[in-house]
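*Asks:* Protein chains in written order, with my numbering: chain A, 168 to 615; chain W, 168 to 615.
It should be emphasised that the hints constitute simulated quantities derived from the structure, not laboratory data.
Keep in mind the model is a prediction, meaning the values are calculated, not measured.
Keep in mind that the hints are not guaranteed to be accurate.
[What the hints assert, rightly or not] Each computed BS3-like pair below joins lysine-lysine, with the alpha-carbon atoms no more than 30 Å apart:
hint, chain 1, residue 1, chain 2, residue 2
1, A, Lys476, W, Lys403
2, A, Lys403, A, Lys414
3, W, Lys476, A, Lys503
There are 2 protein chains.
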Amino acid sequence: MNDIFQYIDAHRDRFIGELGALLRQPSISAQGIGMTECAELVRRLMSEVGIQARLVPTAGFPVAYGEVPSPGARRTVLIYGHYDVQPPDPLEAWETPPFEPSIRNGRIYARGAGDNKGQMFAHLKAVEAVLRTRGKLPVNVKFCFEGEEEIASRNLPAFVSAHRDLLRADLVYASDGPMHPSGPLVYFGCRGLLYLELAVHGAKRDLHSGLYGGVAPAPAVRLAQAVASLWTSLGKVAVDGFYDRVKKPSPADRRILRAIPFDERSVRDDLGCLPVTGAGGRGYYRRLLLEPNLNVAGLTAGYQGPGAKTIIPRVASAKLDARLVMDQDPDEIEEKIRAHLKRGGFGDIEVKRLGAVPPSRTPVDHPFGKAVARAVAQAWGRPPVIVPNLGGTIPDYLFTQVLGLPSIWVPYAPHDEANHAPNESTTLEGFVNGIRSTAAALFEIAAT
Amino acid sequence: MNDIFQYIDAHRDRFIGELGALLRQPSISAQGIGMTECAELVRRLMSEVGIQARLVPTAGFPVAYGEVPSPGARRTVLIYGHYDVQPPDPLEAWETPPFEPSIRNGRIYARGAGDNKGQMFAHLKAVEAVLRTRGKLPVNVKFCFEGEEEIASRNLPAFVSAHRDLLRADLVYASDGPMHPSGPLVYFGCRGLLYLELAVHGAKRDLHSGLYGGVAPAPAVRLAQAVASLWTSLGKVAVDGFYDRVKKPSPADRRILRAIPFDERSVRDDLGCLPVTGAGGRGYYRRLLLEPNLNVAGLTAGYQGPGAKTIIPRVASAKLDARLVMDQDPDEIEEKIRAHLKRGGFGDIEVKRLGAVPPSRTPVDHPFGKAVARAVAQAWGRPPVIVPNLGGTIPDYLFTQVLGLPSIWVPYAPHDEANHAPNESTTLEGFVNGIRSTAAALFEIAAT
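So here's chain A without its partners, still in its complex pose:
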């Protein structure tokens, strides 16, 4: 890989300048700002490095799709990324404007620097480096860069289902999310998500609690009771059958879990308190990555300002999000929660689904996983941290379940990238090592 790594070093400053141009182009999917311009820019950047690129329309913002065929190559890699970014608010919290990239302290600051333009663009520069150095890629490469990741990948399921042939590959390779605090990271999927809203309705308006207290329905009391009934007093989910499909960690998972670095001090500093798993690290990652969780993301009822207001709220509601692991199914879990509420006497409570993504995993001992880990080690000069999957949720199931492919994720942004927040950044080291990682991965995958 030395010739390729030398090319990357030699063109480092130009690559950073080009990334700056991409970051300068707003692409706020939630607000529809700059999306057409950014999609076109991405297509052009793809073409410039030798990718056969085109924009494929969806019901929302287009997918920038591309191919670099490599005649005779045995393997095909599908690279996923996204060109849309989060809204930059609150603007006043940015040290430099979100769409005016600024380099300081070895980082480039801009909305999308980490999530996901910096990571996505590294793939393009890897293709450039290999093509300019070797004349061809060791594998066929396909690109699927969507424009709606920050708005829940609304149209990606339809796109993937409609283009199974186009997307045929041996594996999916993607860079998103942050690295481990200790350095490079490889992960193999994610927990799923089920997001529900519960609502209890009472009288048709807020009532004076003195003039109606005792005779009017009390929706906030019932909501608290319904919500509380979902857990045992020990904090386990009390919904019948919730854990039924949860598998024990495989021996490979156990090995991986044991090897994840756990810095108790930094976790405590981050949370401001001890995690519920206590001071040790092993239970921490098993609970976070391989066990499901049910969370109350919001509670709303009645008066919430300072001081006292004596009302019986008209309505009370709760936002619940469940993080699901293999082989839990969001539909089945929703049914179980509904059945639980019904059995508990809360059949009248309104349950609305606000989101569902199945969990998705590729085995940590998959041969392509080992190949990718070797590539990342070459790029960084040290082995990556391996975790079974992300605790959060990404649309990985589209690759593993709809396309039936193994899927491996290698983030290039630092753990403190501040994505979705002001002063988002990525490190120049992570960007350059990301280019090296993608390039090395193509060769390791070709040899697998």
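Fit chain W to the known structure of chain A by using the hints.
*Replies:* Here is chain W on its own, set in the frame of chain A:
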């Protein structure tokens, strides 16, 4: 009483005009607007009808105190009222400006028309009518008009404690709150109040529920569990000892409860649903007036906007208000709630008191009660509805417990006075019959 009632009829239009002048003077205690001017106006209006009136300073706004001694009279009546009003917001919802009284459809519309200037002023006009007709009052009368009722009577406890001698009387007579939908009303006290805020703290910031779900503390879950634990599944308060001091209704109370008119249709229309006591009326008033209630007035945690946001809230809190009946004590109930939470494993939950007023009652068969009911019947030409007490809370304990006096309340404002709301009004009929009621009450009390 005919001569007195004739005087009232003859001066009806002037009385309404004078009330208009009082309503034109803003007196918004919460914002400190017009308070000095209004206190002085009230003192002048008292003096004009022959009351020895003065403003007594407090740590807040002054009390307008007055006396009409009646040499040789056996009885002394202390009349309570308040000259401050609620803020008039939202201004754009008023059909005519809140401090420009407007007469239409037999009502006078203005902030304070019902709550409480119209009711308070009726007492003054009753004194005028009796003095001009008979030359003297049949009882000694004292007046205590505070300027802080709408800000929780902050300084009234200190005023009453400091002026026990000045306030010496045989009973307290007061007009506040709305009448019954069917007409005039007499009541004998109120439920008490205990207002608490519970808070559960977790990590030092809101966390991503995917990246921390399962390992971070879940304050909203714990809050729901703590709050839910306060009730049984049947909706009774589960706090040990909560009902200990609650007395069974006396035979007199039972008689009174049975006689309260209950219009199921209007209750259903008002609530938009059936009350929890079902379709009958008797259980309704017993629950509302003579039984305590524990209510969740507010719940707050995490994300409350539309759609999904996947966070673990940093903090979760609940506002609880308890309505207490004789002989429940707010301090003791607070202790019991704290002990309950502690026993349930929620000892770490922060409990803050935001308010406490003891319950207060005068027996419904008190001789002065019968006297007042006779007076109201004379004034209106039909007997009043009698209820044991208000479901809401007023500072009645200052009269019954601090001064040790019986206390009887006779509202003069209509049930739909819209107090604390835009387009507040009182009926001219209620105002005039209020003047007649006070006048007649002085004679009936004198004869008791």
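*Asks:* For each hint, tell me whether it holds in the structure or not.
*Replies:* Quick rundown of the hints versus the structure:
1. Between A/Lys476 and W/Lys403, the direct Cα distance comes to roughly 23 Å. Compliance with the 30 Å bound is thereby established for this hinted pair.
2. Taking the CA atoms of A/Lys403 and A/Lys414, the gap is about 16 Å. The hint holds against a cut of 30 Å.
3. Distance hint between W/Lys476 and A/Lys503 is fulfilled; the C-alpha atoms sit about 22 Å from each other, no more than 30 Å.
Checked against the numbered hints above, the structure violates none of them.
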